[in-house]
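Keeping the supplied structure of chain A fixed, place chains B, C and D with the ligands upon it in accordance with the hints.
Residue numbers (the working numbering), protein chains in the order written: chain A, 1086 to 1394; chain B, 1086 to 1394; chain C, 34 to 292; chain D, 34 to 292.
Only true hints are included.
Think about it this way: if two alpha-carbon atoms lie no more than 25 angstroms apart in a straight line, the pair counts; the simulated SDA-like pairs of lysine to any residue are: (1) K42/C <-> E117/C; (2) K1117/A <-> M36/C; (3) K1117/B <-> L96/D; (4) K52/D <-> T1369/A; (5) K1092/B <-> K1176/B.
Bear in mind the hints are in silico, worked out from the structure with no lab data behind them. No experiment lies behind these values; they were computed from the predicted model shown.
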Amino acid sequence: MSRLEVKLPGLLMKNPVMPASGCFGFGQEYAKFYDLNRLGAICVKAVTVEQRAGNPTPRVAETPGGMLNAIGLQNPGLEHVLEHELPWLEKFDTPIVVNIAGNVPEDYKEVARQISKVKNVNAIELNISCPNVKEGGIAFGTSASTAANLTEQVKAVSNVPVYVKLSPNVTDIVEIAKAVEGAGADGLSMINTLLGMRIDLKTGQPILANRTGGLSGAGIKPVAIRMIHDVSQVVNIPIIGMGGIFEVDDILEFMMAGASAVAVGTANFVDPFACPNLIDGLETRMDELGIDTLSSIVGRSSALCNSNR
Amino acid sequence: MSRLEVKLPGLLMKNPVMPASGCFGFGQEYAKFYDLNRLGAICVKAVTVEQRAGNPTPRVAETPGGMLNAIGLQNPGLEHVLEHELPWLEKFDTPIVVNIAGNVPEDYKEVARQISKVKNVNAIELNISCPNVKEGGIAFGTSASTAANLTEQVKAVSNVPVYVKLSPNVTDIVEIAKAVEGAGADGLSMINTLLGMRIDLKTGQPILANRTGGLSGAGIKPVAIRMIHDVSQVVNIPIIGMGGIFEVDDILEFMMAGASAVAVGTANFVDPFACPNLIDGLETRMDELGIDTLSSIVGRSSALCNSNR
Amino acid sequence: MTMRTEDMKITEQKEVAPKIFKVTLSGELAIALKSPGQFIHVQVDKGIDPMLRRPLSICDVNLEKEELTLIYRVEGKGTKLLSEKNIGDSVNVLGPLGEGFPIENVKENDTCLLVGGGVGIPPLYYLAKKLTNKGAKVITILGFRNAGDIFLEEEFAQLGEVIITTEDGSKGIKGFVTNAFKGLSYDVFYTCGPKGMLRAVESEAVTAGFISLEERMGCGVGACLACVCDYTEPNTETGKTYAKICSDGPVFKAGEVRI
Amino acid sequence: MTMRTEDMKITEQKEVAPKIFKVTLSGELAIALKSPGQFIHVQVDKGIDPMLRRPLSICDVNLEKEELTLIYRVEGKGTKLLSEKNIGDSVNVLGPLGEGFPIENVKENDTCLLVGGGVGIPPLYYLAKKLTNKGAKVITILGFRNAGDIFLEEEFAQLGEVIITTEDGSKGIKGFVTNAFKGLSYDVFYTCGPKGMLRAVESEAVTAGFISLEERMGCGVGACLACVCDYTEPNTETGKTYAKICSDGPVFKAGEVRI
Ligand SMILES: Cc1cc2nc3c(=O)[nH]c(=O)nc-3n(C[C@H](O)[C@H](O)[C@H](O)COP(=O)(O)OP(=O)(O)OC[C@H]3O[C@@H](n4cnc5c(N)ncnc54)[C@H](O)[C@@H]3O)c2cc1C
Ligand SMILES: Cc1cc2nc3c(=O)[nH]c(=O)nc-3n(C[C@H](O)[C@H](O)[C@H](O)COP(=O)(O)OP(=O)(O)OC[C@H]3O[C@@H](n4cnc5c(N)ncnc54)[C@H](O)[C@@H]3O)c2cc1C
Ligand SMILES: Cc1cc2nc3c(=O)[nH]c(=O)nc-3n(C[C@H](O)[C@H](O)[C@H](O)COP(=O)(O)O)c2cc1C
Ligand SMILES: Cc1cc2nc3c(=O)[nH]c(=O)nc-3n(C[C@H](O)[C@H](O)[C@H](O)COP(=O)(O)O)c2cc1C
Ligand code: FES
Ligand code: FES
Chain A
1086 MSRLEVKLPG
1096 LLMKNPVMPA
1106 SGCFGFGQEY
1116 AKFYDLNRLG
1126 AICVKAVTVE
1136 QRAGNPTPRV
1146 AETPGGMLNA
1156 IGLQNPGLEH
1166 VLEHELPWLE
1176 KFDTPIVVNI
1186 AGNVPEDYKE
1196 VARQISKVKN
1206 VNAIELNISC
1216 PNVKEGGIAF
1226 GTSASTAANL
1236 TEQVKAVSNV
1246 PVYVKLSPNV
1256 TDIVEIAKAV
1266 EGAGADGLSM
1276 INTLLGMRID
1286 LKTGQPILAN
1296 RTGGLSGAGI
1306 KPVAIRMIHD
1316 VSQVVNIPII
1326 GMGGIFEVDD
1336 ILEFMMAGAS
1346 AVAVGTANFV
1356 DPFACPNLID
1366 GLETRMDELG
1376 IDTLSSIVGR
1386 SSALCNSNR
Chain B
1086 MSRLEVKLPG
1096 LLMKNPVMPA
1106 SGCFGFGQEY
1116 AKFYDLNRLG
1126 AICVKAVTVE
1136 QRAGNPTPRV
1146 AETPGGMLNA
1156 IGLQNPGLEH
1166 VLEHELPWLE
1176 KFDTPIVVNI
1186 AGNVPEDYKE
1196 VARQISKVKN
1206 VNAIELNISC
1216 PNVKEGGIAF
1226 GTSASTAANL
1236 TEQVKAVSNV
1246 PVYVKLSPNV
1256 TDIVEIAKAV
1266 EGAGADGLSM
1276 INTLLGMRID
1286 LKTGQPILAN
1296 RTGGLSGAGI
1306 KPVAIRMIHD
1316 VSQVVNIPII
1326 GMGGIFEVDD
1336 ILEFMMAGAS
1346 AVAVGTANFV
1356 DPFACPNLID
1366 GLETRMDELG
1376 IDTLSSIVGR
1386 SSALCNSNR
Chain C
34 MTMRTEDMKI
44 TEQKEVAPKI
54 FKVTLSGELA
64 IALKSPGQFI
74 HVQVDKGIDP
84 MLRRPLSICD
94 VNLEKEELTL
104 IYRVEGKGTK
114 LLSEKNIGDS
124 VNVLGPLGEG
134 FPIENVKEND
144 TCLLVGGGVG
154 IPPLYYLAKK
164 LTNKGAKVIT
174 ILGFRNAGDI
184 FLEEEFAQLG
194 EVIITTEDGS
204 KGIKGFVTNA
214 FKGLSYDVFY
224 TCGPKGMLRA
234 VESEAVTAGF
244 ISLEERMGCG
254 VGACLACVCD
264 YTEPNTETGK
274 TYAKICSDGP
284 VFKAGEVRI
Chain D
34 MTMRTEDMKI
44 TEQKEVAPKI
54 FKVTLSGELA
64 IALKSPGQFI
74 HVQVDKGIDP
84 MLRRPLSICD
94 VNLEKEELTL
104 IYRVEGKGTK
114 LLSEKNIGDS
124 VNVLGPLGEG
134 FPIENVKEND
144 TCLLVGGGVG
154 IPPLYYLAKK
164 LTNKGAKVIT
174 ILGFRNAGDI
184 FLEEEFAQLG
194 EVIITTEDGS
204 KGIKGFVTNA
214 FKGLSYDVFY
224 TCGPKGMLRA
234 VESEAVTAGF
244 ISLEERMGCG
254 VGACLACVCD
264 YTEPNTETGK
274 TYAKICSDGP
284 VFKAGEVRI
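Isolated chain A (complex conformation) (with noise of 0.2 angstroms):
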């Protein structure tokens, strides 16, 4: 096994890094600028049953260290996605995960059982934190009862693992990712956007159309790491790490919290080569600071806590 690698269910990865959805499209534009097949999955923007349309702009505001977006789930559609960006994806032998959204349980059952057959698919991220839909999203994500409700039944008609990718705007974090853990999830996707909003000041109205907005970028990254931490301590499944990743330390600090792989996000809109370049990084600086592999720094916080009581 290579320094870099990590295995979760339905994913094995030659490193920890893939795109965060929504920040990579289907992967084609960022195909123009590297070879996709040197990241470690890809995580493609949330698809829903029907095409949507999202919300008016402007959808996106920057913020001191961060940025807001209400893009509102526009993707082209499951019909689409299964007719060009998954076969385009065919080229890449690197695993492929899919968001899947909607609004009401019955949507994400159907793209959960349409997406999941197809052949190179290798996991399903249940999206039940967008904050910038009316129905659906967030929605699901803001109680333990019904996050767990929609796991089981997305679960029921899946061939492949699914991660929930959990919202952050909640009160105990940890009693959703135990509730969605029960109800059988194989993983854990998090944080989704903090939810935000900036004012114009030429105006006194939000910048965004849809006045609030996903926070993202570097800015939420403590947010994150207590989150994964805490939720880290006490389920068993692994979880995938996203919220302000730009740095390679940002990569080690996220799995020493407790995460098994990272997702990039905002930073890929910095730099467009953002994931090679973090991917390419880590391991001088694991020689640095004396990380043999990944994986043995794995949840090593976790491991920690637990020795120090």
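Frame of chain A; chains B, C and D with the ligands shown alone:
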């Protein structure tokens, strides 16, 4: 009435800027840099019945665009504050807000009863949102009914207006705000810090001795703006806004979002002159934006929202 | 593949009108341009604040010196920081991005009407050069708020007729760019500027033409869907109902998308 | 009041040992110093990342030229950024802060033992100068990891006897600073360095002395309570059970606080 003046229950402020609790001690340190009369008000560190030792060190850690703190409500205790800190503040004629905390409702009531009798105390800030103590603190701030109950009890024994300081670490801050308003709160302070963590890569352990800490600083501003906006749409009591105020524009953004005054925390550490500098910059920026008086923009976004529907 | 990132060195930086700066950047990226109207995504500073890149149109290209020129207005934090960079400093540039103004169908002696407002004017300059190179005739209408704001007038004048409009009438025709349309005849139009202006131009113009849009952007390369606009009709080739301004645009056929 | 903030200009910046830099800052703040062992709180960069100031001890002061010198190790982001600043650049400095080493009670011909480890050494240099100015005799023990890390040796040698210890024995006495204590006689000791070293020095030393502590800081001025440590006994004057390292310290009487 001057351009910068704002009027809140118990607080006639010559400008909308006060230091945030815990970031300004009891005023003595920053009085070495400038005349505290320049401030719109002064909010002092949390006071508890007994002297408290707080958490072990390290108590602070830096994050991208922010910082974590886990002071743990260290303070010299009610008696000392009554005998030394508040009398020292008598020489200023700017309103004083005292932040109070405790482990159980009786503690809060005891501090509120005694503090609100002091002649230079103009308001109480009820801290139900400290993330860094085991008992009390945030535990009161994450349940609407507990928060309302405590508010009611403290109101009953207070001779001065009570501002309830809300925690952002909740699923539904609007519900909590409405509950404390219903329980008699005269105003709200929001937001306290977001729970966060940083890991030291050399040890694999959290940097803070307390493991988790409260995230403050520029990066949390959009979260604060969102919460203040949402709450200001439904409550009829004023909001003191805080969370990442570093620039003059931030003050205006908070006020347009729905705040009636603002508090500046972490920025004091970056620049001891942060508060007076922000105050000095307000009028020029108001001129540029064509804002006549601050009282005219307070809650402007709230008013506009309503008219948009 | 021509899109890339590159640290480009500033070889010129000057204020050409109040708050309007002209900056010249040197690097190989300059020669990768496909068409006038393309833009670059500029990282004005390392670090996390500002976080996002800033989209700025390419105003001129010097292929020999491997330089490109931008003209930008200082709006907020990012453009302010850019204006504070000095000659010799570098900025990281992602580009060239987007689909620019098509000029393939313009024939020698065709008359092209170029209509620009404010910082929508810069991309029209390289367009004007390309068109005149092809032997086409260029008439340019440049709209400004007032006489003090005017820039690029002389440069355009060397390529053809220039009509200035100012909102306050302090120079040229008073009012908006469309006030200058009367009596002009042309074969195609190209326009870039604020949305209101684009709408007015689209409805006043009597020929086919092309408009260049602006929108807040995330990635700049088509991956994040921050910058979409709706096609008036689903795109005939792809069936798509929306376009990404960063990669399908910023230039569209007039009438092709809703503005 | 002497505490202030000031943009100080860098007049010297050089690497004196691997990752150890010496920087000289010019400005009026330099002459506001009260005592050796005080520190300044340096804003290494404008902007929000890094956000907090960095506490660094004053290593030397030139009153005539209004300059102060720091010696710092590149640890993380902040010190790295500082090391990348060039001569002519400015950094904002808050200071001078804290209570330094008391020297009032040192008499002519007293022998003072100065014990420093790593980047705890710099503040001892200005102390040594002050002490020798008073006519006291200074013996300095400087502890390093290995011979390559050594800095300030010659400077201290000009002021008195210097004993070097290295952990790997590559120069001087092998082991820790306390290995050099045997046979020394002195009237007072002063020490600064890692906590383990301070504890060892405190327990080995046979006279009264002073220790200088480090702690992560927020404000640097006593307002945020980030940097506290416990008094071994509640302070006799104030009844306080804790001290703020930034304002009550960083220097304490040996035994006064728990380390
Ligand atoms: C394709 C394209 C080409 C452009 N070409 C030019 C040009 O040649 N000259 C010029 O002066 N301006 C141009 N603009 C507008 C320019 O991008 C904005 O003025 C600039 O991004 C503002 O950044 P700021 O940091 O100064 O303002 P801020 O308000 O601090 O910016 C905050 C965020 O909002 C975005 N933003 C703000 N205003 C705009 C806007 N009008 N369009 C897109 N994003 C915006 C910024 O990019 C940033 O992400 C162009 C925009 C686009 C989309
Ligand atoms: C009173 C005092 C005097 C000091 N004098 C010197 C000196 O003369 N020379 C020198 O090389 N170092 C000195 N230090 C240590 C120096 O402050 C840290 O090495 C430095 O802050 C690290 O910053 P960074 O950005 O490089 O590291 P990072 O790890 O990126 O810093 C992150 C945060 O942790 C804080 N931090 C990290 N390590 C320390 C530490 N050891 N002490 C306090 N805060 C820390 C930083 O200030 C910052 O807030 C002193 C510390 C104190 C408290
Ligand atoms: C523009 C944008 C679009 C996003 N779309 C999705 C999405 O479709 N599904 C999803 O689960 N998360 C989505 N996210 C959230 C990211 O996957 C990620 O959880 C979040 O941005 C935090 O990571 P970052 O700080 O590295 O960006 C989106 C984020 C951004 C910025
Ligand atoms: C070091 C520190 C100590 C704090 N102590 C308190 C406190 O005692 N009581 C309280 O209500 N809030 C406390 N806070 C929270 C601040 O008052 C404020 O709500 C928060 O820091 C957000 O504002 P800022 O981003 O401007 O710092 C503290 C914050 C910091 C950074
Ligand atoms: S900016 Fe990301 S798709 Fe256009
Ligand atoms: S750093 Fe704030 S009290 Fe010492």
